[in-house]
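> Those letters in the first sequence? Residues 1 to 552, by full-length UniProt numbering.
Derived from the structure by calculation, the hints contain no laboratory data.
Positions of the beta carbon are idealized from the N, C-alpha and C atoms, including for glycine.
Do not take every clue at face value.
[Said to hold, decoys possible] The calculated label-pair distances, taken between Cβ atoms and stated as ranges, are:
#, residue 1, residue 2, range
1, Gly-378, Asp-22, 58 to 64 Å
2, Phe-39, Ala-128, 57 to 63 Å
3, Pro-302, Thr-388, 57 to 63 Å
4, Gly-12, Glu-502, 37 to 43 Å
5, Pro-99, Gly-218, 39 to 45 Å
6, Ala-65, Gly-378, 54 to 60 Å
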Amino acid sequence: MNRLVLVRRGEGGIDALESAEDGTVVQTTRLPAAGLPGFVRAQGRRPVRWVWDDTTRWYPQLLDAGVRVERCWDLRLAHAVLRRSPFVDQAVLVGSDTPGWDGLQPVTVADPALFPLEDPADRLDPVAEHARQQAAVAASAERGRLGLLLAAEASGALVAAEMTHAGLPWRADVHGRLLTGLLGPRPASGQRPAVLERLLTEIRAAFAAPALNPDSPGDLLRGLQAAGLPVSDTRSWTLQELEHPGIPPLLEYKRLSRLHQANGWNWLDTWVRDGRFRSYFLPGGVVTGRWASNGGGALSVPTQIRPAAIADEGWRLVVADVAQLEPRVLAGMSRDDAMAEAARSRDLYQGMVAGGAVATRAEAKVGMLGAMYGGTRGESGRMMPRLTRRYPRAIGLVEEAARAGERGEVVHTLLGRGSPSPGGGSGDPDGLGEPGEQAGSPGDRDRRRRAWGRFTRNFVVQGTGAEWALCWLADLRNRLWRLGGTGRLEQRPHLVFFLHDEVVVHTPEQLADEVVEEVRRAAAEAGRLLFGSFPIDFPLDVAVVRSWADAD
DNA sequence: GCTCAGTGCGCC
DNA sequence: AAAGGGCGCACTGAGC
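Whole structure, please, built from the sequences with the hints as guidance.
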């Protein structure tokens, strides 16, 4: 594999340094910034891994120029993984500019003119960092797993940039009609829509509080208490329990007000342009390795507005999600044969019932959620002894992760992503709490210890689930590209959305069935990459639809 | 005028 | 029926 390291030089120039297997530079090409797309294109079919400081600083411009990259090495993301991985000898990784790499942030602004004049990335040496990272991986006893994780992470970075570039097809007219139907006509800026005004009048009358502001939790709480209602918070599920004529309009107000504020006309104006919703996805943005997002709340697009996500004319959306990803991942990583057997069923929870572990599907679900999240009280707590007897390896793995966390130890995912150390790495072995929080009583300390154990318990499962999903996504990306002929990215089947265990592909209608096949093959491949020959299934729910809302 | 924590709620 | 894990975002209200 040819590796080409891209380095920004002063005055907008770029050096492309080609390195041999041993890391020595064999050729340097000096380019003007505008020459990069042509240079990348000129590599033709020669397999190249592009090495750069940070995908968000390079790839959007290439995509704008119509150039797709097959594979890359993202030094920022790789650095973040390696710095925390228990599989890595930090002495091999650390160099003089390590603090700079530690602090490097992704760029999420679309307009290059808004880039800071002084980019901290420009003070870092990508060639040296690349060499250190390769040495750190090579020196690791788990270089296979680490290498897979870093490759998947880099592919994820490419997918994230491509999804922002292509955008999720979004019909502003459909969205607008939906808003008008629920809220009334668009109000003047800063005004409440008519339907909210009407509900507000009703609420104020019911509680005999003519100035009540339901948008203010404090004001609302005082108003409810003044009306004689025994509440200490104003959450919807708390209010649901109350018998009072003001409650139904209040709940309706909260629901519609949320829609208006989070995904109303302002959201449309800000995030939807030219028929596409474009937000920024941040691979590795969450400590567990899940993605975060930035802009438009892409990771919580309410089902309420999904009818507006509609494929282009002659195109379709292929929507796929994994059923019960995390318990399946737990079965695989713990190599628990009994749980893998239950996972052979399309419904893993039903499989647990068939296997005799529990009596009902509801018990199976609540028990597994408790095992993975640390619920020890009530229903899920009562399930634990039976689950432990039937699935000793799976339950043992999460229990051990919880105990390790309580002892203040670092845990890691299957591929080697390490959990943060408790107390933010301050070196305080008892710092199992929030920074700045007082030591408190021994009871407080115990409580924090157990809370950290619940975090590490969940970390190993959620983080390995994220690794499976990343492998799925990376493999699918390549399969879609091979499927699509010769056009640009957005003229072929391409990914437009990803959320933890769900993907959406925008595809020409005549290729939709093939896309469905590739989505399934990629899922099977992800299972093989993570769990080898261990027999664990990842069945998908896949739908070919015009609108995202039709997938459920 | 600004930032920041708390509250509440959308998603998995 | 919620809880137990992870997020982003809008808004309020307090403090600088």
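> Take the hints in turn and mark each one as holding or not.
So, going through the hints one by one against the coordinates:
no.	hint	result
1	Gly-378 to Asp-22: 58 to 64 Å	59 Å, holds
2	Phe-39 to Ala-128: 57 to 63 Å	23 Å, violated
3	Pro-302 to Thr-388: 57 to 63 Å	38 Å, violated
4	Gly-12 to Glu-502: 37 to 43 Å	40 Å, holds
5	Pro-99 to Gly-218: 39 to 45 Å	42 Å, holds
6	Ala-65 to Gly-378: 54 to 60 Å	57 Å, holds
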